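Student: Protein chains in written order, with full-length UniProt numbering: chain A, 1 to 219; chain B, 1 to 221.
These are calculated hints, taken from the structure and not from any lab test. Treat the hints with care, as some may be off.
Only pairs whose alpha carbons sit at most 27 Å apart, straight line, appear in this in silico DSS-like list of lysine-lysine [as the list claims (entries may be wrong)]:
#1 Lys3(B) with Lys136(B)
#2 Lys136(B) with Lys69(A)
#3 Lys76(A) with Lys13(A)
#4 Lys7(B) with Lys62(B)
#5 Lys12(A) with Lys22(A)
#6 Lys136(B) with Lys76(A)
These numbers come from a predicted model, not from an experiment.
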Amino acid sequence: MNLITQVRFLLKKEILLEWRSKYAFNGILLYVISTVFVCYLSFKTTPPLVWNALFWIILLFAAINAIAKSFIQESKGRLLYYYQIASPQAIIIAKIIYNILLMILMATIALVFYSIVFQNNVGDVPLYFVAVLLGAISFSTVFTMISAIAAKASNNGTLMAILSFPVIIPLLMLIIKLSKNAMDGLDRSVSLDEIGVLCAINLIVIVISLLLFPYLWRD
Amino acid sequence: MYKNWWKILASILVLYTVIGGLLIQVPELPILHESIRNLYFHVPMWFAMIVVYLVSVIYSIKYLNSGNENHDLIAVESVNTGIVFGFIGLASGMIWANYTWGSPWPNDPKLNSAAISTLMYLAYIVLRSSIEEEQKRAKISAIYNIFAFPAMVVLLFILPRLTDSLHPGNGGNPGFGTYDLDRNMRFVFYPAVLGWILISVWIMTIRYRIRLIENKQNQID
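Only chain B is shown next, with the shape it has when bound in the complex (with noise of 0.2 Å):
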């Protein structure tokens, strides 16, 4: 139990956002509407998205250091997780965006940088597949995922805010926090943010556990 109460926590907190977020009273504001909501469900996804990036990341630089395989299947489990979560996180905010900026996929920055980091974690998938030795694969793919990030927090922190963007928060528009996120809407949001982000980690460790056991049954004993 003391193990679990995260995964708990977890559960909690994105049932009552589905419920909350459906429910609760939401600022009326002009173009946005009732599609406002979408708050808790898109933004949460980059959240979730980037922390397990980072986790990658920082089981990449541990791979480097130690040899250890089972740090590089964390890696590449995480960047799988990732990339769903990347994907979900662009899908709803087609859908959004085709309601509220008039087509799916305007020419903003955010959205551009967004699918090019997709593309990168991608090229990943790619060179691991590329590369048949495991430990080379497992060496080679880590030092990718590690140079790759950088240009990933460029892609998604600085370059939106040099040019104009349609996103809040970017290139003079005002952040969602300073005005436009009353306090009902972050009682949903942060919990949102917070629960989305450990589901994320949740279906890494489960897919790490079931890498576990398949690269057990196939050991010859």
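Next up, chain A with everything else stripped away, as it sits in the complex (with noise of 0.2 Å):
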């Protein structure tokens, strides 16, 4: 089997999976619903700076519950049986690909709910939108590979968050720039070297990931 094909049965499976329990995905979505919830009887009203901010809190803190689990919850004996029939490079853009997948997914609807529970303009709303993409896009590389790190070392809970939050937040800034700049209704080609600083970190991001990935899951 060469690397695509690959690839594809493996993001089939981790999709047939998912789609199976649902756990993961209806446990995230009632995680970002009630943290909007409770955002929003702790706030009421926000100014715009305010309601930027907390929107990329929540899905951060949604993104680092979700893909956590991501290489945590398999079995080692899965994971050995994985490791004879693939090769390494095809689990983990299986997984990367699977967590843009439901993080695409998870922050549209989190977007979509806490626009409507809380008011407020967005200037220019196809940007925001971009914006968010990337960023979903952002999380899903960084705390893949951070995951798989997390999983190999005991007392991961805790770890996952110590080693990812530093990587994340040049990331993050980046991130809540331009979707301020969206916010805003700036001319668009104010945005666009964040966009290309944005596309060109995911890239090296997963190039890296691709590259240890290797020596990451022998034992």
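Each of the two chains sits in its own frame; use the hints to bring them together as a complex.
Tutor: Encoded structure:
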């Protein structure tokens, strides 16, 4: 089997497993919605700056919870089985793609629900949506690799947060800046810098994950 | 002797910059006044920190290729040394900022980036202490080290340039090199950078050799 078919099969398996139990999706969805509601009840109305920051903090924690599972939930025997039938690159690519799909779905639902509950005017809605998509992709690429690292160490719940926050902060700062530009309805050419840098960082992260993961999975 | 020339060079350079940095004439600038001399001590810390972190990443890559535990020792001791230099850099910067910008922690992207990158390497230390098995610890921490390095480069070199900063050379502010740094200051500043980089590498090699001796002592003959 070549790499692409392996990735396709693994991706199909991830989605099928998720579809059967719907545990991760429903759990995270409920997590996001209740967090939004808690924020709504405690803030009532927010100035635009807080609105934007709050949304990304909610999404950040939802992403950490969602993606931390991707390697930890797999039993040791099942992981061994994957490593016998598929290349490590295929496994990490499939995980990253699956997490990207999951996070995009989650972020879209969160955005819709959040903007219904919290009234706020976004100047440039398509650009804000692009920012949310880029955010979802960035969270997935970074956290997938970190969760693979954290799964190898004991006490991985805390470790996941400690390891991922410093790495995600530069991306998060760029995303918040980009989405703030979208909220203010600035001209789109202003935001091209941020979009370019974000895409470049994501590309670097994916390439490094591909290079490093083969060293990681072997015990 | 031929192996130690760079240590002597480092000592002479740092001694020269301490004496010269405090005595040689500096340009009189508003706000900065005499505190401009801190340039010789604050900025070289960051150069030294980045160099030892770079050494650490190179040895992490080498470790993954070779599996030689000495490479892992160099990587971890480089990070330990880099963290110390990072803290000294933050402290000297905070004292400087207190007198020139009015508060020890003005909301400046470079300060925040430096603090976050220090957090990243503290996380590396925590990761190491959470894994018992030595080879697994070396491998996993090497992977995290390589993975985190691009994020540090983005934090320290790209993000501050995209936003406004109080630091020179960022967000449209002119860098020191353009006209603030006059000839006299260059004569002290460049030796200071080189000297502190050499000192940091020296500290790293001493710590590495202590670890080697400890390992040897702990071995059962």
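Student: For each hint, tell me whether it holds in the structure or not.
Tutor: Here is what the structure says about each hint:
1. The hinted pair formed by Lys3(B) and Lys136(B) fails the criterion: a straight-line CA distance of about 34 Å is larger than 27 Å.
2. For the given pair, Lys136(B) sits about 21 Å from Lys69(A) by alpha-carbon distance, which is consistent with the 27 Å threshold.
3. Using a Cα cut-off of 27 Å, the hinted pair Lys76(A) and Lys13(A) holds, with the two alpha carbons roughly 17 Å apart.
4. For the given pair, Lys7(B) sits about 25 Å from Lys62(B) by alpha-carbon distance, which is consistent with the 27 Å threshold.
5. For the hint linking Lys12(A) to Lys22(A), the alpha-carbon distance of about 15 Å falls within 27 Å, and the restraint holds.
6. Note on Lys136(B) and Lys76(A): the hinted pairing holds, with a Cα-Cα distance of about 16 Å set against a maximum of 27 Å.
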